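So the sequences go chain by chain: P and Z. Residues in the first sequence are numbered consecutively from 324, following my numbering. Residues in the second sequence are numbered consecutively from 324, following my numbering.
Everything labelled a hint here was simulated from the structure, so no lab data went into it. Here the structure is a predicted model, which is why all the values come from computation and not from measurement. Among these hints, one or two may not hold up.
All copies of an identical chain are treated as equivalent in the list; a pair is satisfied when it fits inside any one copy or across any two copies.
[Unchecked claim] Here are the computed lysine-lysine pairs in the DSS-like style, where the Cα-Cα straight-line distance is at most 30 Å:
(1) K428 x K451
(2) K536 x K428
(3) K573 x K451
Protein chains: 2
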Amino acid sequence: MRETQIIDRIRGLARVRHPSVVRGIGDDCAILRPRPNEDLVFTSDFVLEDRHFTLETHTAARVGHKALARSLSDVAAMGAEPVFCLVSLAVPAARGARWIQRFYKGFLALADQFAIPLAGGDLARFDKVVVDVMCCGRLPRGEAMLRSAAKPGDRIYVTGQLGEAAHSAWRRPLLPEPRIAAGVALRRLGVVAAIDLSDGLSLDLARLCRESKVSAELSANLPVARGASLDDALHGGEDYELLFAAPSGKRIPAAIGSLRVTPIGVITRGHPGQVKLDGRPIPTKGFDHFA
Amino acid sequence: MRETQIIDRIRGLARVRHPSVVRGIGDDCAILRPRPNEDLVFTSDFVLEDRHFTLETHTAARVGHKALARSLSDVAAMGAEPVFCLVSLAVPAARGARWIQRFYKGFLALADQFAIPLAGGDLARFDKVVVDVMCCGRLPRGEAMLRSAAKPGDRIYVTGQLGEAAHSAWRRPLLPEPRIAAGVALRRLGVVAAIDLSDGLSLDLARLCRESKVSAELSANLPVARGASLDDALHGGEDYELLFAAPSGKRIPAAIGSLRVTPIGVITRGHPGQVKLDGRPIPTKGFDHFA
């Protein structure tokens, strides 16, 4: 099958319309018509064979879902609503047109949940499966939640449960659910400091602290998922929950919809990026590609 | 070296400011503040080791240049000015921090030419070098040049010369120059139909014709680069020139700045996507990853 035929099939699948996306697949670029008084946010994230998944544990549809979910999770962390996405996909010749179609079906099933169009991207042959997803989100001007906005005295919260992905890991890979609704709700509550948990609580909290030039003290009552260890919860990664900080005077609900919100510590003055548990610095053992 | 240290170095290199990019590297997403009455265009393009370059023929800096140039060429084809870019880079462990830094230096040298910031992306280890560049451009609302806007009777033009990249190919790889200034000039002249030549004249013209539901007749006087063959010019690819169509009554200058503009044929009614040379259909032999 030729590239044009495959792209025609993808175009057929990617039919979701969005009023702001005036042109999608089929030109040199996708075209977005921004609305007044909005900011746009952009992220791109790899999902690489044998780094983020294996072809043994992940079906093509699951690879597609995971690839989009990773980028949507970053959009959620800003408090934005997704608008559209681009996907660059490279696949080995051994994976036929059917694998590619199943990938897009998994990808588009998640895109449809958020009513966002796949507006373009790239498609190529390569030795291994490579996916890079760019996602664009929108929010009212100046209201993005930032890694750099945490202040000493803020309480630290996390959505959902931690460590489940690490616990079940390669045996039974989870389909991450991007916390878009929670991110928008938190932004509307006036939360200004947030990050998503992709590489593990210890590493991602350290990143938030580093950008905010603060430290953090975790309490012992982390919302550890059933069956997971404290180590899974602290360092496991792939939870795709939201971690955020808010002034102690701000009322944060115990749940957003059915999603639990747990206070897990406080932001403190101190060495920027340092995270303590029970008063002792913890190593940032989360997933570092280059460590 | 850890990921955070490498990213700190990249942040140090990527210091170009842009008034519309209110946040760059360092958060979950980059933030763009759109201006009134503009459309934004988006493209993402792979540059893959042993598909688009080899480590023997391309230095790290050349890989960086080429990766950004490919995306900028798509922005040029819409008649847009670039605003910012994201780059996702995966590199084998054998390529150290120095290779990565040289890649970014090559990438950012070209970004600086267009005064656009590198606003984010991703960084990972992988078996081979993988680059995916997302580039955003802007233009006045509704004025994008499109593949789908060519009409029967339009004259077909091309900027620059064809076949040079194919002719010199792997022996002496060229540094492509994205035709941003030419794209903007053509859009301001009122040109509405264009595509960039990345995969070869025969294939890219067929794409433009397919999207516009028209055919094309090429004349014999193609601007073939010195040393290149007609075959290189027709099917070679990697020229990164602009191909466009304009009504026969519209005055198109013979050059834009020092860049030659050559009329090379006419748009005709007929089988959508068919391209003829001297009255005979030519095969679309350009670069198809899946052929």
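Hint-by-hint comparison with the structure:
For the homomeric pair K428 and K451, the shortest alpha-carbon distances inside one copy (20 Å) and between copies (27 Å) are both at most 30 Å. Taking CA atoms no more than 30 Å apart as the test, K536 paired with K428 passes between copies only; the shortest distance there is 28 Å, against 42 Å inside one copy. Proximity of K573 to K451 under the C-alpha cut-off of 30 Å is found in neither arrangement, the shortest distances being 48 Å within a copy and 48 Å between copies.
Consistency with the previously given hints fails for number 3 only.
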